[in-house]
Amino acid sequence: PECFEIERRIAEATDIPVMHDDQHGTAIISGAALLNAVELQGKELNNV
Numbered sequence: 001p002e003c004f005e006i007e008r009r010i011a012e013a014t015d016i017p018v019m020h021d022d023q024h025g026t027a028i029i030s031g032a033a034l035l036n037a038v039e040l041q042g043k044e045l046n047n048v
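Residue numbers (our numbering): 1 to 48.
Hints listed in this document are in silico derivations from the structure and should not be mistaken for laboratory results. Mixed in with the good hints there might be a few duds.
Restraint ranges, calculated between C-beta atoms of paired labels, are given here [to be verified]:
{"#": "1", "residue 1": "7", "residue 2": "41", "range": "31 to 37 Å"}
{"#": "2", "residue 1": "32", "residue 2": "3", "range": "18 to 24 Å"}
{"#": "3", "residue 1": "42", "residue 2": "2", "range": "23 to 29 Å"}
{"#": "4", "residue 1": "20", "residue 2": "41", "range": "38 to 44 Å"}
All figures in this text were calculated on a predicted structure; none of them were measured in a lab. The beta-carbon is built from N, C-alpha and C at its ideal position, and this holds for glycine as well.
Just need the whole structure built from these sequences, with the hints factored in.
In C-alpha cells, the structure reads:
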C-alpha cells in the first residue's frame, strides 16, 4: 500500500530506474522461468 507511493516519489526524485522487489521481482522471476523452460524443451516462445 504505502510502497507504491514511496516508489513513485523516489522515481520522480531521481534520474535512475527504481525497482520495487515485491512488485517487479515476481514478474522478472516468472518471465525468466518461462524463457528457461521453453529453451530447455527446445521450443520457441511463439510456439508455446
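Results for each hint:
no.	hint	result
1	7 to 41: 31 to 37 Å	36 Å, holds
2	32 to 3: 18 to 24 Å	23 Å, holds
3	42 to 2: 23 to 29 Å	45 Å, violated
4	20 to 41: 38 to 44 Å	32 Å, violated
When held up to the earlier numbered hints, the structure conflicts with 3, 4 and fits the remainder.
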